[in-house]
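Peer 1: Make the full structure from the sequences, and use the hints.
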Amino acid sequence: MSVLRSDGTQSVELAPPAVLVRGLSRRHGRGEQQVLALDGIDLEIAQGEFLCLLGASGCGKSTLLHLIAGLDKPTSGELRVEGGQPAVMFQDSALFPWLTVAENVAFPLEMRGASPARRRERVAELLELVHLDAFAAHRPHQLSGGMRQRAALARALAQDARVLLMDEPFAALDAMLRDLLHDELERIWQRTGLTVVFVTHNPREAARLADRVIVLSSRPGRVADEFTVDVARPRRIDAPDVSRLAGRLTDRLKEIIRGDTDGAA
Amino acid sequence: MATLMAQPKSSESVAPRAFAGSREPTQSVSRSRRGVVAPVLAVVVALALWQLIVWSGWKPEWVLPGPLPVLRRLVEELVSGEVASAARITLARAALGMTIATLIGTSLGVCMAKSSWVRNALSGLIAGLQTMPSVSWFPLAILLFQLGEESIQFVVVLGAAPSIAVGLVSAVDHVPPLLVRVGRTMGARGFVLFRRVIFPAALPGYVAGLKQGWAFSWRSLMAGELMVFLADRPSIGARLHFARELSDAEGLLAWMIVVLSIGILVDLAVFGRLEHTLRARRGLAEEH
Ligand SMILES: Nc1ncnc2c1ncn2[C@@H]1O[C@H](COP(=O)(O)OP(=O)(O)O)[C@@H](O)[C@H]1O
Ligand SMILES: [Mg+2]
Numbered sequence: 079m080s081v082l083r084s085d086g087t088q089s090v091e092l093a094p095p096a097v098l099v100r101g102l103s104r105r106h107g108r109g110e111q112q113v114l115a116l117d118g119i120d121l122e123i124a125q126g127e128f129l130c131l132l133g134a135s136g137c138g139k140s141t142l143l144h145l146i147a148g149l150d151k152p153t154s155g156e157l158r159v160e161g162g163q164p165a166v167m168f169q170d171s172a173l174f175p176w177l178t179v180a181e182n183v184a185f186p187l188e189m190r191g192a193s194p195a196r197r198r199e200r201v202a203e204l205l206e207l208v209h210l211d212a213f214a215a216h217r218p219h220q221l222s223g224g225m226r227q228r229a230a231l232a233r234a235l236a237q238d239a240r241v242l243l244m245d246e247p248f249a250a251l252d253a254m255l256r257d258l259l260h261d262e263l264e265r266i267w268q269r270t271g272l273t274v275v276f277v278t279h280n281p282r283e284a285a286r287l288a289d290r291v292i293v294l295s296s297r298p299g300r301v302a303d304e305f306t307v308d309v310a311r312p313r314r315i316d317a318p319d320v321s322r323l324a325g326r327l328t329d330r331l332k333e334i335i336r337g338d339t340d341g342a343a
Numbered sequence: 444m445a446t447l448m449a450q451p452k453s454s455e456s457v458a459p460r461a462f463a464g465s466r467e468p469t470q471s472v473s474r475s476r477r478g479v480v481a482p483v484l485a486v487v488v489a490l491a492l493w494q495l496i497v498w499s500g501w502k503p504e505w506v507l508p509g510p511l512p513v514l515r516r517l518v519e520e521l522v523s524g525e526v527a528s529a530a531r532i533t534l535a536r537a538a539l540g541m542t543i544a545t546l547i548g549t550s551l552g553v554c555m556a557k558s559s560w561v562r563n564a565l566s567g568l569i570a571g572l573q574t575m576p577s578v579s580w581f582p583l584a585i586l587l588f589q590l591g592e593e594s595i596q597f598v599v600v601l602g603a604a605p606s607i608a609v610g611l612v613s614a615v616d617h618v619p620p621l622l623v624r625v626g627r628t629m630g631a632r633g634f635v636l637f638r639r640v641i642f643p644a645a646l647p648g649y650v651a652g653l654k655q656g657w658a659f660s661w662r663s664l665m666a667g668e669l670m671v672f673l674a675d676r677p678s679i680g681a682r683l684h685f686a687r688e689l690s691d692a693e694g695l696l697a698w699m700i701v702v703l704s705i706g707i708l709v710d711l712a713v714f715g716r717l718e719h720t721l722r723a724r725r726g727l728a729e730e731h
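For the record, the sequence lines run as chains H and L.
With this note's numbering, the residue at position 77 of the first sequence is 155, and numbering never jumps.
With this note's numbering, the residue at position 226 of the second sequence is 669, and numbering never jumps.
FYI, nobody ran anything at the bench for these hints, they're computed from the structure.
These numbers come from a predicted model, not from an experiment.
Please note that the accuracy of each hint is not assured.
[Unchecked claim] Some chain H residues well away from chain L (every beta-carbon gap over 10 Å; in silico):
id	residue
1	Leu149
2	Asp261
3	Ala324
[Unchecked claim] Just so you have them, the derived chain L footprint on chain H, three or more residues with Cβ under 8 Å:
id	segment
4	93-107
5	123-130
6	167-175
7	182-190
[As the list claims (entries may be wrong)] Footprint (simulated), chain H over chain L, 3 or more residues, beta carbon under 8 Å:
id	segment
8	629-636
9	652-666
Where is the CB? At the ideal position from N, CA and C, for every residue including glycine.
Peer 2: Okay, structure coming up:
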């Protein structure tokens, strides 16, 4: 990451990484049914980076995200997250159904003791950012799937966390809506300077969004490959560069999946 | 919208329907009419059966009067204000008993939901208490508190509190873990997490427990008022008791209808309505 110094020169690598993972392992279950979900993961995520974790279903992506979120403890290894508790978004919006959209977005602000005036102001700001200002008084069940994910994004942003973790947040939406939300997420990320860790099993989505793609292998989950994405933003999902990279990621994933089954057989 | 406009009867009758979805007017009218017609029909059938039994001459009319004299008597008691004054005494007891039972049942439920140790210790006992007929507590209650208000309250609370506790525990068990996880990442911990996330998420189930608690407490209260009747407090149970003593069959049946009606009314108008509102606000039931 480049940092602007007071003397006007830019220096690189001054800021500590937003997330630092060293030799991280996580075992699930007991006895016969034990699964080594993650095995010796090493990962360094820079501040302000948009990182995608790409892998087949069941490879341990959610496990890794839960560990970074502090929702689960590693079996072994080291994990450091700068700037406190990260915000998390899931495939299910997980909005509180008893609260309105505005109250949902206000929830993390309340937890951090923000004054009512400050809450109102910030909620209005965030709802405008995700284009939901007209739906502040609605309840989650009155929203469409895409609107719910936008509300969940606004709520996650209300945490003012430095790191935003997203576990396949758009996987349940149709392609059109997903495309739209990719545009919005990119815009918001560029505006806020957040560090985003985005889990997906969709190579196109990874190519569309990421600065860097980490490809995970399955059983045990390991870092299999890493791609840096040098495509200018804002991007389009159908841009030739994005499609080409998506193709390469797909090929690599297929190799890994074949390799996994060969290894197991 | 184009496909929805196919074969319109008239453009103004179709267009609002397409947007209103299930809120289509004629359908909701017929549904609410069906909601009233069926129970009324059931009552009419029950009254007819009752009248048939009376006409069959199975029992003399002074033992089992027909519905007409009983309903006439019921109207008399209503007009004279007797029902209101008796109901006031009985419902005050019910309200006090439910309040105490809610406090105890809720505290127990919270402890059981929060501590697996407390839960292991108490769940068998509470399940047992739930199945135990509350009338069987009366001898002990009378021994402890004599024939007084306390005896009645003791049994009412023992009848309702276990259901309320069990309802809360099972409602907390069914809270989606994802909501709890999200609450945690947003900084809610410990009691704040319980009060702001787990309890609201469990609220519909908790109200269902309250509703069941009410059914138990109403039964216990009637049993209590039949066993412990205080001369200066003409409650509904006392009316039933005196009607039997005086062989006043019409009065007896009229007061039984009062008991039945209050039970249904509180169940539907208070707890049923609360439950429905909660569920509707969360999109779990149709809003009215
Ligand atoms: N709580 C758990 N208990 C047992 N096994 C688990 C648990 N959570 C995940 N696993 C297993 O760990 C592996 C990785 O799961 P997960 O992280 O959910 O994968 P992904 O999100 O990539 O689909 C899978 O084989 C899954 O079955
Ligand atoms: Mg997953």
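Peer 1: Where does the structure disagree with the numbered hints, that is, which hint numbers, in rising order?
Peer 2: 1, 4, 5, 9
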